[in-house]
Every structure is written in C-alpha cells, then in structure tokens.
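As you go down the protein sequences, you meet chains A and B in turn.
Residues in the first sequence are numbered consecutively from 1, following the working numbering.
Residues in the second sequence are numbered consecutively from 1, following the working numbering.
Please keep in mind that the hints were generated in silico from the structure rather than gathered at the bench.
Where a beta carbon is used, it is the ideal one built from N, C-alpha and C, also for glycine.
Be careful, since some hints might not be right.
What the hints assert, rightly or not - Per label pair, the in silico range of CB-to-CB distance:
no.	chain 1	residue 1	chain 2	residue 2	range
1	A	75	B	245	25 to 35 Å
2	B	16	A	19	27 to 37 Å
3	B	282	A	57	20 to 30 Å
4	B	389	A	211	52 to 62 Å
5	A	57	B	680	53 to 63 Å
6	A	225	B	7	50 to 60 Å
7	A	126	B	394	20 to 30 Å
8	A	20	B	281	33 to 43 Å
9	B	245	A	19	56 to 66 Å
10	B	680	A	126	49 to 59 Å
11	B	16	A	225	34 to 44 Å
12	A	170	B	367	44 to 54 Å
13	A	75	B	602	53 to 63 Å
What the hints assert, rightly or not - Far from chain B, some chain A residues (derived; all Cβ distances over 12 Å):
no.	residue
14	7
15	11
16	15
17	26
18	46
19	56
20	106
21	134
22	136
23	188
24	199
25	229
So the chains spell out like this:
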Amino acid sequence: MLIEIRNATKTYKTGEISLDALKNVSLTMNEGEMGVILGPSGSGKSTLLNIIGGIDRIDSGNVIVDGVDIVGLNDNKLTLYRRNSVGFIFQFYNLVPNLTAYENVEVAANISKNPIDMDEILESVGMSEFKNRFPRELSGGQQQRVAIARAIVKKPKLLLCDEPTGALDYNSAKEILQLITEVNKKFATTVIIITHNNAISSIANRIIKLRSGEISENIVNEKVLSAERIEW
Amino acid sequence: MVINKMIKRTIFEYKAQYIGSIILIIISCMLYSSFNIAMTDALDNLNIFRINNNLEDASFIVQNPITNINDLEKKYDMTLEERKSVDYINDDQSVLRILSSTDNIDKYAVISGQPLTGENEILIDKAYASAHSLAINNELKINNTAFKIVGYMSTPDYVYPLKSENDILKNPRSFGVAVVSKKDINAIGNGITFYSVKFNTNNSSEFISDLSLDNILIQWINKKDNNRISFIDSDLNGGVVVGKVLPIAILILTCVLIAIVLSRLLKRESLVIGTLYAMGHTKKELVRHYLKYPIIISMIGSIVGTVIGSLLVKPLLSVVTEYYNLPLLSVDFDIKYIILSLILPFLFLIPVTYLVINRSLELSPLQLMRGGKNKTKVNFIERKLNLNRFNFKTKFKIRELIRSLPRAALMVFGVALASMLLLIGFATKDSMDYMVTNSYSDIYKYNYEYTFNSLQFGEVATGEKRSLSSFASKINNKDEDFIIYGVQKDSKLINLVDKNNNVIGFDKVIITKSISDRYNISAGQSIKVKNKLNLKEFNVIVDEIATAYTGNIIYMPLGEFNLSNGYPENSYLQIDSVDQLNIPADQLISEVTKQDMIDGYNTLLMPMRVMIGGIAVMAFIIGLIVIYVVTSLVIEENKANISMLKILGYKKKEIYSLVLSSNIILVIIGYIISVPLIIVSVASLFNLMTEAMNITIPAKLNISSILISFVIIIITYEISESLNKRKVMKISMADSLKEKRE
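Construct all of the structure, not just a fragment, from the sequences and the given hints.
This is the structure we're talking about:
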C-alpha cells in the first residue's frame, strides 16, 4: 500500500465563516495504481490532492505515504517529501514563462538526486523538437506535455494531476491522458487525477467520488479503458 | 466614482512601493527648494553686501605712497582709498590681521554688536572670535593697548578670510581679520599700506600705466584673482548646480519607478479594467482614475518635501553665512522656487504615467479581461540568448535578469544614482586630499614663504630666492590670468615632476597641468603674456608640463624672469625657507606658513566628514528604496514561480538564491557605471566652480573610497533583500495551483 489516509479532516476558517473541506476521509491506494477523484466544485477534491502532495495540512487524521505519516513532518521534511516523492501536473500547466521547455523541465531535474536524462524525457513526451521554445510559443497540449516531463523527470513515486485536461481541447486532452497512462505503466508511478469529467474515470483502476468533503463512493474499476477509447 | 475607493486600498496593500516613491519625491523637493532658495538668498545677500559696502575692483601695493588720490580719482573716474593693515601675532602664533576702517571702499558691516564709535574699539570676524573664545565686550590686548570688542563684522574683501589671496583654505584658529579706526591703527604699529580701487569706467590699464610712471607697482590683485573675494561665488554657484541637477535626477528615477509600479498595477487589474469597460465606463474616466495615483504621490511628496525644504532654508543659509564671513541681510522665500518645487513632480510624473496608462487602456474589454496583450512576451534578448553551456541556476538567474528590461534598467539607474550620491562625498574629499598633498607636501618643500613689499637684491643666507608677478594672456579670445614665478635654477624647495614622475629642473619654462588641461596648451607651444604690473609683453615657450594643480602658474628661471620683465638683475621678491626667518614685518607683504594650510585643511576635514556622512545617509535611503521596490516587483512578478518552486520541493535558501540573488549583478553593474560617471561629474562640477578662479581641482577617487562605498551599497542591498525575504515566505503554494498563465 502506497497511500493510506485515515479520518482526514480539514476546515478552512475565514473570519467567522468556516468551511469543512474534508470530513473524516479515509482511503487507500496501492503502488502503481491509477486513481481518479471525481467531484463537483467545492467537493474537496483539490484539498485532498494538496494534502496528499504535502502542500497543505489536515487538522486531524493521518496521511501515510510509503510508510511515512506526512502529517508529522516539519516544513523542511515536507519540502524534501515533495522534492523526492511527488510530481505535480496542473490545469494551467504552471510553466515558468521566461524559461524554455527544456529549462522548465530542468527546474525539477536540478533538485533531483537521480533524474531521467533530459533529452530522453522530452523525447518520451514528444517535445524534443520544441525544447528551445518558450511556453508562450507552445500550444496548451504541448505546454502540458512539458509539465508532464517536468513532473516525471525526477521519477516520483506519486504523480498528482489537478484537472490536467481542464484547459485543453478534446484531442489534446485525450493525448495528455494517454501520456499519463503511459507514464503510469512505464515507471509504475502511482497516479491520482482529480477531475469533474466523469468520462476520464474510465482510465483509472480506482474511482473515488467526493461530495461535500466526504467520500461518497470508492470503486475499484475492473473495466479500465485506454485513453483513446474514452469519449465525452 | 466608486472605483476611486480602490486607490486607498491599493496604496495600502502595496505601501512599500508607493511610500518609497513618495520619499524619493520628498527628498527631491526638499533638495530643490532648500538649495535653490538658500543659495539664491546667499547670492542675493552677497550682491547686496557688495553693492552697499562698495566692494573693490582691485587692490594694490606701490613702493612709494600715493599723494594725489583726489587727482587720480577725478582723472580716471574711480574711487581710490588708502588702507593700512597690521598683522598682529598672538601668543598662540595665530595672526589677527587688523585693517583700518574705510570710508568709501570695502566698508565693514556689523554682523552683531555695535559699529566703531570711539577710541580703542575693535570689530572682529566671528569665526576667529569663536576659535579663540573671544566675545563681544571682551578685551583684546594688541601691542599693549587694550581694545574693546564691540561687535562681529565682515568686509566685502575678506568674505572668505584667507591670510594670502592665493590660499585656498581658511583656518580661523590661525588667521582672522579685525577692523579698527584709522586713528587706532596708526597707534598699533607699522603695517602695510595698500590701496583699494573701484573703477566706474573700464580704464584700469591706463591707471596702471600712469602709476608705473613715477612709482613701482609691487602687487596688483584683481577681485576675481583674490580668493578671499571670489571663492564664495564658485561655491554658491556649485550649490545652485547641485540644487538643480540632483533633484531632477531623483525625479527621473521616481518617474521610472512610478511608471513601472503603475504598469504592474494596470496589468494586475486588467480584469477589473476590462469588466469596467464592458460595463460602460469610458476610457477618459479610467484614465482619470489611474492618474490619481501619481497625483496623490506627487501631491504628498511635493508638499511635504517643499515644507521640509523651506524649513531647511534658514539653517542652510546660516551655515553658508557663517562659513563665509557674510552678513545675513535678508531671507526671502523666493516664491518661484516654492511653486516650482510644488509642481515639478507633477510636470515629470503626470505625462509619463499618462502615457503608460493610455497605452494599457488601448486594449479592448475582452483583451483586458483575458489578462491583457502579450502578457508574458518573450523579449528579443531572451530569444537570442543561447544559455545551453550554463548550469541551471545560472540560466535561471540570467533569464530572471533579462525578463523585464525596464525593471533591470530601473535597478541599474537607481543604484548608479545612489552610488554617485554616495561617491560624491568621497570624491570631494579625495580630490581635496590630493590637491593638498600635491600642493603642500609633494611640490612645496619649504615651510615658510616670505613676500617682500619692495624688490630685494643680492644673495640670501638662508632659503631660496623667488620672484613673481601676475600676467594676462589672450587665449581663445579671452583674457586669462597667470602667475609667473621666477625660480632659482638650482631650487630644491620646489619639486615639480612630469607625468612619468621624473623631476623637472628649473632651467626650463614649466607650466602646471591645470594650465595645460584648461587651455589645451602642450609642450613646445608659445604663450604671449603681459605683465599686469608694468604692462611689459613677452613670449614664453613651454618646455615642460608639471603634474601640479597649484593653479595657473608658469615657472621660469629667475634670471630669465627678471630679464623678460625688465626687472633689475639679481632682484627678487620672495624667500622660501625651511626654517622661520627673522625678517621685520614692515618689509613684508605676507608671511605664509605651510603648516597653516595643512592645519586649515585638517579643520575642514571634520565638517567634510559630516557632509560625507549626511550624503551617505541620503544615498542609503535612495538605494534602499530602489532596491527594495525592484526586489518586491521581482517577487510580485515571480509569485506563481515561487509558489511553483515551493511545490516542486525547493528549499527557502534555494528559492532566494534563484529568484532574488540575480539582482546583485544589477547592483554591481549600477555601481560600476557610477564610478566613471562620478569622476566625470565631479570634474565638471569642479571645473564649473573654479572656472573664474586661479586654481584647478583634479577629480580623484581613491580605491579605498571605491571599496568603502561598494560595501555600503552591498549592505543596502542585503538589508533590502532580507526585508523582502519575508514576502517570499508568505507566498502560499496554493497560489500556483489555480493560476492561469499563458
């Protein structure tokens, strides 16, 4: 088991208003699994992803990743956890605008102990010929490919994808999902995708549905489809 | 408009940037109003004083007394007055020059106390009085006669009380002036009789010729060659230049700063602007709204700066009038400078910010709502740079540097300005140091210089003979003044070297570097000179140029000097000596001690250090504001990147290093640029100040000063960086997650 979350609770307080983002959430995921967290806006899926990724903390409960309860880690150790174990992919790619595609991947490779060869990783995401272009000179799909290369160059145990196709057109979105599944298979990386697009859940082994900060369904998908075959 | 409520909130949210801009405007207006009003007032005071008290055109000494003053006055339409001075040597070896009171020329003005009304009353210069603990109503014993100090005074010919008219630094501890009645001065003792003259028509040459017919003119000093009279003009004019140039430079810096801050604000608010457009707000309304930012900043800065500047006028004027022995006749707050000080920031800021705002608002509502045009445009340098050979950190830093060229330019310009301001004090001190060392230690090896009041003949037992006279020459169609020294060929007490540091012998005609630089005269050239005392003309061919900044001085062999000027063979007018000589005072025009000059300079060092310190504080504030604001702009622009780097697992130190440390390169570039700029600027300022004077001050900047200033700038940078580090830490990682870029 790579991820085990027990009774995770998170409340956001703004002045006198408090919002329960997660209420006693518990789940597990195995190494190499591909999981999709589904839910409408405000269901808590981003909060859950942030907590697993070590960029937010829960109020109570445990988040055990690869045998370590990250809830107890101090800021420095949490930084090392993100550095060594987690790769992130965002809806809007979040590339550094004044760095080329190659240099954007280097941002992650630079702090990795044993990164994958830069040219190899860019080749694998189909971006070799665009490596000297700046993000502005790339399409959304291409930028997301660079973001994927940046996330996996350090060979993370965990790849967290926050609406990775949310800003892309249909064809680009399918290509990106295809790439993510390839990464999952090739590097045996545990992948968690959060989305509000039901169709995407078909590519996952595990489908977790969230509603109002609670898990409404946790399904093991026996009929995994390839990204090419899904439609929406 | 309800959107105007945003202004206060935005200013408070980004207070460092706006407060920084306001402080820069305050400094600028403060300098502009205080310097211009005070220096103009000082110049006005000086002019009024000179007119009311009838400043001389020249003073002179003749071998035999003039007996037909009234006839000469009528003949040449001038005012001529006989005067007397006695140098009284105090127990502490300081010299108090007692002048006879005058009726027509160089009349004294009482600064405080009472004018002379009776016998045994004396008026004294305030600086000498302070240095010797003398006060009004005290008794001062001179040659066994007790004088009552009835007041402090100033005379127009001793506004800068120097012992010799060729001196450059006053020292109230060793020299001062006093005035007694004509009757009392005769009782004090035998002194020097000299004459002051003021011409109503331009006929001084005819008068000199007439005088030389049946008398020998020993010395003739025009007011512009008399440092006691002319030094103050140069200093005040220098102050006026500083008061005009520096505030404008700071305002230009503020303009760039505000333009960048505003364009960032407009970029940040592009969604709001687009929405307001879409809702029906007109461009005019929005321009008016955003113009309120520079208007508010200019208004606060100019009002506060002008008020502070106005309050500083009187203290500044007091410093000037006390440093120079000048009566403070009136303090006028020239309304012109007050108004200019109030409107200058608007004149600079409004047009620039209008252009910035107007350009941003040219986009359509849709473009604005999408975040504006070319949000993260790749500039041509970024595109052309091939950084493959560098490691990632270096690449990141270089990219960071060139990402925003206006921002980089602001940093370089701001640091260069702050560094120049810092270096101006050091350069002034180093230049003065060099001049004093060059003149009084390296060149003049004698300790005492005696100038006789009549020609001397024969050999001297101790010391070396020298002669001198003042000359005029037409260079580039302008009358320029020189002093020519006739020096013993085997002189050991004057040491001149060429540019290669080789000693130059006195069997040649040598000119100083000051002359060579100022009039572009090189070795081999001929200069036609006219002796101002006997109007004799002759040519001198320059053999060598000496690395000396002692003034417009030509050195030639004494024999040749006498021959060319028609003076008797073996005659001389001065003796230079290492040891003090016992020459009766009534035979001398002056006795100059080198130590007096060095003491004078040392006295000046303390206020100079205070000045350097004051300027350094201002430079520190400007540097801190610029570096802080630029760094905070860098952080603001990199907010998403910093957030991203945190998510990727970068540690605090690694983020500081990547995002912030590249600024140090801009700081260093700014500093490096400032060094040659300050040398050129100080040289121009000195040239301007000494244009009408008989000296040149070379602009020098020592390595130690460069290093000390560099350390101060780096400390400023470090302080500003550490203030900004907290901002980096406050950026949340979640900021990056939903950030829409590109």
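Right, here's what the structure says about each hint:
{"no.": "1", "hint": "A:75 <-> B:245: 25 to 35 Å", "result": "51 Å, violated"}
{"no.": "2", "hint": "B:16 <-> A:19: 27 to 37 Å", "result": "32 Å, holds"}
{"no.": "3", "hint": "B:282 <-> A:57: 20 to 30 Å", "result": "48 Å, violated"}
{"no.": "4", "hint": "B:389 <-> A:211: 52 to 62 Å", "result": "54 Å, holds"}
{"no.": "5", "hint": "A:57 <-> B:680: 53 to 63 Å", "result": "58 Å, holds"}
{"no.": "6", "hint": "A:225 <-> B:7: 50 to 60 Å", "result": "55 Å, holds"}
{"no.": "7", "hint": "A:126 <-> B:394: 20 to 30 Å", "result": "28 Å, holds"}
{"no.": "8", "hint": "A:20 <-> B:281: 33 to 43 Å", "result": "40 Å, holds"}
{"no.": "9", "hint": "B:245 <-> A:19: 56 to 66 Å", "result": "59 Å, holds"}
{"no.": "10", "hint": "B:680 <-> A:126: 49 to 59 Å", "result": "57 Å, holds"}
{"no.": "11", "hint": "B:16 <-> A:225: 34 to 44 Å", "result": "54 Å, violated"}
{"no.": "12", "hint": "A:170 <-> B:367: 44 to 54 Å", "result": "26 Å, violated"}
{"no.": "13", "hint": "A:75 <-> B:602: 53 to 63 Å", "result": "58 Å, holds"}
{"no.": "14", "hint": "7", "result": "23 Å, holds"}
{"no.": "15", "hint": "11", "result": "15 Å, holds"}
{"no.": "16", "hint": "15", "result": "17 Å, holds"}
{"no.": "17", "hint": "26", "result": "23 Å, holds"}
{"no.": "18", "hint": "46", "result": "7 Å, violated"}
{"no.": "19", "hint": "56", "result": "7 Å, violated"}
{"no.": "20", "hint": "106", "result": "5 Å, violated"}
{"no.": "21", "hint": "134", "result": "5 Å, violated"}
{"no.": "22", "hint": "136", "result": "6 Å, violated"}
{"no.": "23", "hint": "188", "result": "21 Å, holds"}
{"no.": "24", "hint": "199", "result": "22 Å, holds"}
{"no.": "25", "hint": "229", "result": "30 Å, holds"}
Consistency with the previously given hints fails for numbers 1, 3, 11, 12, 18, 19, 20, 21, 22, ordered from lowest to highest.
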